[in-house]
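For the sequence shown, numbering that gives the first Met the number 0 gives the first residue as 0, with consecutive numbering after it.
Be a bit skeptical, because a hint or two may be false.
Quick list of simulated restraints, FRET-style, between CB atoms [stated by the list, open to error]: (1) 195 with 11: 16 to 26 Å; (2) 158 with 40: 32 to 42 Å; (3) 30 with 116: 24 to 34 Å; (4) 72 with 141: 33 to 43 Å; (5) 5 with 138: 41 to 51 Å; (6) 37 with 115: 34 to 44 Å.
If you are wondering where the hints come from, they were derived from the structure by calculation, not from laboratory data. The model shown is predicted, which means the values in this text are computed figures rather than measured ones. By construction, the Cβ of each residue, glycine as well, lies at the ideal position given by its N, Cα and C atoms.
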Amino acid sequence: MTDYVDGYCERVGPGLWGEPLNSLSNLAFLVAAVLVWRLAEGDRTGRVLAALIGLVFVASSGLHLLATRWAAVADSGAILVFLLVYVVVFARRRWSRRWGWVAAPAFLALTAGTALLGGGLYLSALIALGVFAAVLAFARDAYWTHYVVAGAVFALSLSLRTLDRDVCDYVPAGTHFLWHLLNGVVLYLVSRVLIRPQRTQRTQ
Numbered sequence: 000m001t002d003y004v005d006g007y008c009e010r011v012g013p014g015l016w017g018e019p020l021n022s023l024s025n026l027a028f029l030v031a032a033v034l035v036w037r038l039a040e041g042d043r044t045g046r047v048l049a050a051l052i053g054l055v056f057v058a059s060s061g062l063h064l065l066a067t068r069w070a071a072v073a074d075s076g077a078i079l080v081f082l083l084v085y086v087v088v089f090a091r092r093r094w095s096r097r098w099g100w101v102a103a104p105a106f107l108a109l110t111a112g113t114a115l116l117g118g119g120l121y122l123s124a125l126i127a128l129g130v131f132a133a134v135l136a137f138a139r140d141a142y143w144t145h146y147v148v149a150g151a152v153f154a155l156s157l158s159l160r161t162l163d164r165d166v167c168d169y170v171p172a173g174t175h176f177l178w179h180l181l182n183g184v185v186l187y188l189v190s191r192v193l194i195r196p197q198r199t200q201r202t203q
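The task is simple: from the sequences and hints, build the whole structure.
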């Protein structure tokens, strides 16, 4: 688990500062966490989402600073925890508490299925954004457009993540840092869409 990991274009050797852009761009997650925390106010679930985004910031920073296998596992784990909590909260707030118990296993099954196709966690997250948009559009909920925008931004960021190793000869820094910057936007948007309706209800 302590083996060295060289998975990104920007890194050319071991060292704490081997990926300066990839490391600094993680600040996008910290900014998103702070914004979501402030937006949540009295919404406890919103504060949990903010804390989980903060966890993504810590784990991703650890990966790009330390470049070890255990840090890579922690990075993927932090993202998975956020996604599982998010789908449960979405199901509970859109339908009922009972659906919340179904949401996490359903998402894990979707992730296992996309992994067989080579997509894994991120493809299942993109599909989930499309499902969320469709559910809200069917219910004529104006917030469905947030998921469309988030899905478009995430699709772009996923493309940039995929291209990272292929553009090393032309862009030495790679494109992974853009994945971080855009995903900070995605995490803020999807958290906002769950928090804002709750704030509206409390002020009525």
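Structure-based check of all given hints:
1. 195 with 11: 16 to 26 Å: Given range 16 to 26 Å: violated, Cβ gap about 44 Å.
2. 158 with 40: 32 to 42 Å: The hinted range 32 to 42 Å holds for residue 158 and residue 40, with Cβ atoms some 35 Å apart.
3. 30 with 116: 24 to 34 Å: holds (33 Å)
4. 72 with 141: 33 to 43 Å: holds (39 Å)
5. 5 with 138: 41 to 51 Å: holds (46 Å)
6. 37 with 115: 34 to 44 Å: About 40 Å separates the Cβ atoms of residue 37 and residue 115, which means 34 to 44 Å holds.
In this structure, the one hint that does not hold is number 1.
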